[in-house]
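Chains as they are written, first to last, in our numbering: chain A, 1 to 167; chain U, 1 to 544; chain G, 1 to 625; chain W, 1 to 100.
Bear in mind the hints are in silico, worked out from the structure with no lab data behind them.
Quick caveat, the model's predicted, so the values are computed rather than measured.
Built from N, CA and C at the ideal position, the CB exists for glycine as well.
Warning: the hint list may mix true and false statements.
Taking CB as the label site, the calculated pair distances span [stated by the list, open to error]:
(1) U:F419 x G:V549: 24 to 34 Å
(2) G:H488 x U:F474: 33 to 43 Å
(3) G:T590 x U:M504: 44 to 54 Å
As a list, the in silico DSBU-like pairs of lysine-lysine whose alpha-carbon atoms are at most 30 Å apart [claimed, not checked]:
(4) U:K115 x U:K451
(5) U:K451 x U:K379
(6) G:K537 x G:K446
(7) U:K379 x G:K537
(8) U:K115 x U:K38
(9) U:K217 x U:K499
(10) G:K446 x U:K441
(11) U:K441 x G:K537
(12) U:K451 x U:K441
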Amino acid sequence: MMILFALLGALVIASAIGVVALRHPIHSALCLVLNLVGVAALYAMLDAHFLSAVQIIVYAGAIMVLVLFVIMLLNIKVEQPHRRGIILTLLATLAGVCFLGILAPLFYRGLRGFTDHSSKIEGTVEAFGELLFTRYLFPFEAASVLIMVAIVGAVMIGKRHQQGGSK
Amino acid sequence: MHSSWNLLSWLIFTPLIGAVLLYLIPLFHPSVDRHGSKARWFSLAVAVLTFAISVCALASFEVNGSMQLVERAAWIPSFGISYAVGVDGISLALILLTTVLMPVVLLASYSVHSKVRAYLFHMLLLETAMLGTLAALDVFLFYVFWELMLAPMYFIIGIWGGTRRIYATLKFVLYTVFGSVLMLAAILYVVWAYAQQTGEMSFLLSDLLARTELSFKEEVWLFAAFALAFGIKVPIFPFHTWLPDAHVEAPTGGSVILAGVLLKMGIYGFIRFGFPLFPRGAELFIPVLCGLAVIGIVYGALVAWVQTDIKKLVAYSSVSHLGYCVLGLVALNTVATTGSVYQLLNHGISTGALFLLVGVLYDRRHTRDVAEYGGLAAKVPVFAFLFLVFTLSSIALPLTNGFIGEFLILTGSYVTFPFYTTVALLGVILGAVYMLTLYMKTMFGQLDQAKNGSLTDVSAREVATFLPLLILVFWMGLYPQPILRRLEPAVDTFLSDVKARSQMLEEREMGFMAQMRPQLIRAQEGAVPGHGIVQRTSLKESNL
Amino acid sequence: MERTNAALALIPLFPLVGSVAAFLVGRVHKRAAGIIASLASILAFVWTAKLFAAMSAETVLEDVVFSWFGVASLQVDFTLRMDALGAVMCLVVTGIGSLIHIYSTAYMAEDDSVHRFFSYLNLFMFSMLLLVLGGNLLVLFVGWEGVGLCSYLLIGFWFRTIDYAAAGRKAFVVNRIGDAGFLLGIFLLWMNFGTVDFLELEAAIAGNMTLVGLCTVVALCLFIGATGKSAQIPLFVWLPDAMAGPTPVSALIHAATMVTAGIYMMARMDFVFALAPFTLAIVTIVALLTAFVAATTALLQNDIKKVLAYSTVSQLGFMFLAASAGAYWVAIFHVVTHAFFKACLFLGAGSVIHGCHHEQDMRHMGGLSRYMPITFATYLVATLAIAGIFPFAGYQSKHAILGALEHNVNPYIAPYNSWIVALVTFTAFLTAFYMTRSLAMTFFGKYRGHAHPHESPAAMSGVLVALAVLSLFGGWFLETRLPNFLEHVLAVAPGHASETIVESLLHSWVGIAGVVLGLLFYTSLAGVPGLVFSLFKPIGVLFQRKWFVDELYQAILVRPLEGVSRGLWKAVDQGFIDGAVNGSGAVIDTSGQVLRLTQSGQVRHYALWMFVATIAIVVFFLVRS
Amino acid sequence: MIPVSFYLTLAALMFTIGVCGVAIRRNVIVVFMCIELMLNAVNLSMVAFSRTVGNLDGQIGVFFVMVVAAAEAAIGLGIIIALFRSTRSLESSEASELRR
């Protein structure tokens, strides 16, 4: 188990760094796909089977395809390094390290008291569905409205621009 | 008339309804109403209707010093905020001034050519705000209307103003907001104190007056905050510099409303809120206010004398005239304070009319430079006559309205402040200097500017705008009694309220201290020597 | 005293209605304006005369027109009241006023805006009548300011010349300075007695010796008002400039009626002045100085109207001298006789100006007695009257003034009575001299102008004759009747013994000397004046340039004040206050500009800042816990 | 059994990398992808917590985050395309209209 986790963790971190570090957006995107798949596997390890599947289908499948499609559509070039970018990189890295440094004692102190109920829950479709359509019915419906609005919005953005472009 | 008719609410909100209708009725859309003439007639009708309602209010008003036509409804009950309106003689007089000036201003709006509908909308909105401010009996409601006055004026100056309108409008708004934010803080403090002492919240003025106990020190600070807000609005001497800029840049109608009504709100605020809420704080500031008022009178007059821009001159003359009002107010006796309120009406009429006259000239020649005019009396005699009448009203010639106000103020305040009043008499002299200099330079002499040769005299519509003001000038100068009769009881109530609350606070504070720490009384008396004496003497004199 | 109700309001009402009617009708029918205005004035005169005929010396007619305004204890009714004093003034105002109206119909016939002229003139009558009929200080003040306004309007009647308009403004402003003092007096009286009604004030004050201190101050304030309206030092500067107005205006307003308002007011408030010997002493000195300075200035003026103007100032000084000596009836007597002969002189001057086609400089006149005999004759009579020669009207009044001054009992003044009388006598001599000079320069010798002088129309010469008759017999007629009539209102000193004609002629030696000397200097010994002038050049220039008073005021008052105003505006208003306002704005703006540098407009920078801030917040809470 | 803090540490690392990416990268699409990284990090921690607490609420939360992420993707990519059409570039530094 631990070995699997270590492998997956390494994959996730490495691909995440890849997303940030690689110059070409296509490469970044591919790294992100790897990362998402890794996370999906971690979900599975945490008994969240349904989420794991959704992660693969929706994220790695649908969203990333969309991203890749856009990248190719726009034919984006490699990002040129920028002089002020180096300072910014250092600054951001520094901030990140600080952040982790602060989180570390928190994890250490705060999470010792947690008891693990790992065996009690199963993230199956059945359990998930029951919760979604009972307790979380309203947020669920609201989410569907949100998605609809998003679709309409996306269409509007595209459409309006076509008009503007034709002028 | 019964108060269940909600007369005051109708009065306040009729202009607002009119303003909204301007946008709702498609007839007034610019595509249909190309020159905005329908919108103009409509809003004029609304203003006249408002005037009619205010006349109804006058008719149902009984001559005594109490609040009448009172309406009250809970607004935000959880904070004790209510919608409470009512009028006494003072606010009724100012309301009538507002409703009289508004049709005049709308008639004069023909000089506005762009975005007519929006202009009229802002004017009507402004009227609602002004009427609301004058009728509000709830401090929160007052504050809301007080700030609401700012927004339409901001747009009126900022959109239809002159070349430096952005600077002027920013200056106007920032100055005013600076003061009123402090006032808001003071209001909240008072309500907080009230809540501490009574265990419930209320913004109702009568509650605050009856039951809020404040220490002397608190009163001083709170009055200072109120005084700053009102003093900027008046404007009292060092806070006046927004006025010339705002007046110069504002369109004619804006100037008239600004001078005619908005400037009155400062004095009104002092009378309705500042003095009654914090009588002892006010007492401490009276010498300061009085000194500043006298400085303002002389200073405004002197500076007005050397102006070359007609509007600026009239604006500085406002500073001088409002100085008289402050002087009369702080004299705190019936004669002077009644005169002060009366002078507010006079100033609204005569200065408003002067701005209208400048507007008439500006419409024709597009300049306000005195040097561009001269010898106009030969070319435009009717205009010259009107200008003369309002000039005389402005310099308080007997049998015009200005005299009654100025005489009452000076007579009354002479009793309280002989020295200051004597200095203020300089303003009487200087007033004649600058106004007659202006009149001479524009109306008399040779008609030497070629462009003035084609000037046309006032049109029938313009005469119609001046006619009500002209009648008022003479009526209020010849037979002021109907107005004074209604003002006096209200002023008496104001004075006795101030006196009573001052005594109440004094006793409570002393009583409280005597209970808690007897030795403190001596320390307190030692710390503020003279304070008690000043109060006792000046209150005695206020019996006049 | 018996108080009777009477329709007094009608008296001022006629000219008020006339004013409006003359303006409206006159716009269409030029000639009608004059007729309407004259009619209104005559009607007022007739109505006054009718009331006057029915009243005795003790009657007080009263008319409370309406209650004007009132707050708390300040209740003011629009009260008109006519007692003996008021009646005399009223008769003078309406009588002389009517004559001048009639004169004006001819004099102003060619003017374009004659309707405006007559409207103003009637408005003046209205105000003046309010002034003399006012039953309390405020109604008087209404008239007081009203006549000031009309004076302003009429001086600037020919407003196309900016100098004339400026003269009007000067008159109004200088009057306002006096009015401020007057107002102060009213405040003091109201504050102490709670009323502004003359009768009530008199009842409260008269003879109350505890009020001396207050009365001294009040009287001083009132006198400041009087110096403005009646052109005394230091406020006399406006009157000579006021000659810019049409000549009938100068005759009516600036000689016969308005300028005597100060005297009238003093007489009306005699109960206050009676308790203020110190103030009266000041009045004496001021009046004496004014009489002398104005007389010396009149010596060397070349404008015929300027001579008369300074002469008026000087004569007003005489009146104040009489009043300050407590001889109010004498002051009023001189007011009346002065109204006769000075109106005659001004109208005569107007006739000359009219005849010489608007020439006012006496150096371009001369020998006019041949061209305009009636004008000459009336001018001669009036000159003899003002010179104080028996039996002309000026003799009796001047003689009475000197008598009053000799017997002045004012403790501050009494020791110097003889000096004062001497100076007044000398001034009277100067008066006779300069008036004879103007007479000689205008009517004697050869004509030096280029126009074709002609006698004036009948309306003008008729009025001149009427006034000349009054100047001839007025003094003699009133000498005993006036004190008898006024004795219930004003303190009247026991009448002096009547004198024989010879004595009277001997007493007019001053005037005779002046006239003779003037005639000699300006007819046969024509070189002498120039010689004298060159001998005493500095003094001569001083006199000629009007003692440099205008220049002085300009230099020490007007210019510095204007400079200060400009300084206040630029330095305090725009510099200091707006500097502070805009400065605080600029501080905020600058700090905004500095802080703006942190706003790159780039999302990733903002994201980084957000991240850093998050860390900071977390650290904050960690450190706190 | 793997302790929950391991997952959390992993999530924190991922999140930090995402933040740094947002700050460092100028390409809007990459920035967008970094945001997805951050979302995933949070999701991961929520799933881990869900197991610790012993009920499914955390997972439901993750589900909704995914829904929102999908919506965000649709809109975000639409905006990116619109941006590209107006500026012909995907540099985030080009889109600094707010500053003016």
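Structure-based check of each hint:
no.	hint	result
1	U:F419 x G:V549: 24 to 34 Å	30 Å, holds
2	G:H488 x U:F474: 33 to 43 Å	37 Å, holds
3	G:T590 x U:M504: 44 to 54 Å	49 Å, holds
4	U:K115 x U:K451	29 Å, holds
5	U:K451 x U:K379	12 Å, holds
6	G:K537 x G:K446	27 Å, holds
7	U:K379 x G:K537	48 Å, violated
8	U:K115 x U:K38	13 Å, holds
9	U:K217 x U:K499	18 Å, holds
10	G:K446 x U:K441	43 Å, violated
11	U:K441 x G:K537	39 Å, violated
12	U:K451 x U:K441	16 Å, holds
Comparing the model with each earlier hint shows violations of hints 7, 10, 11; every other hint is respected.
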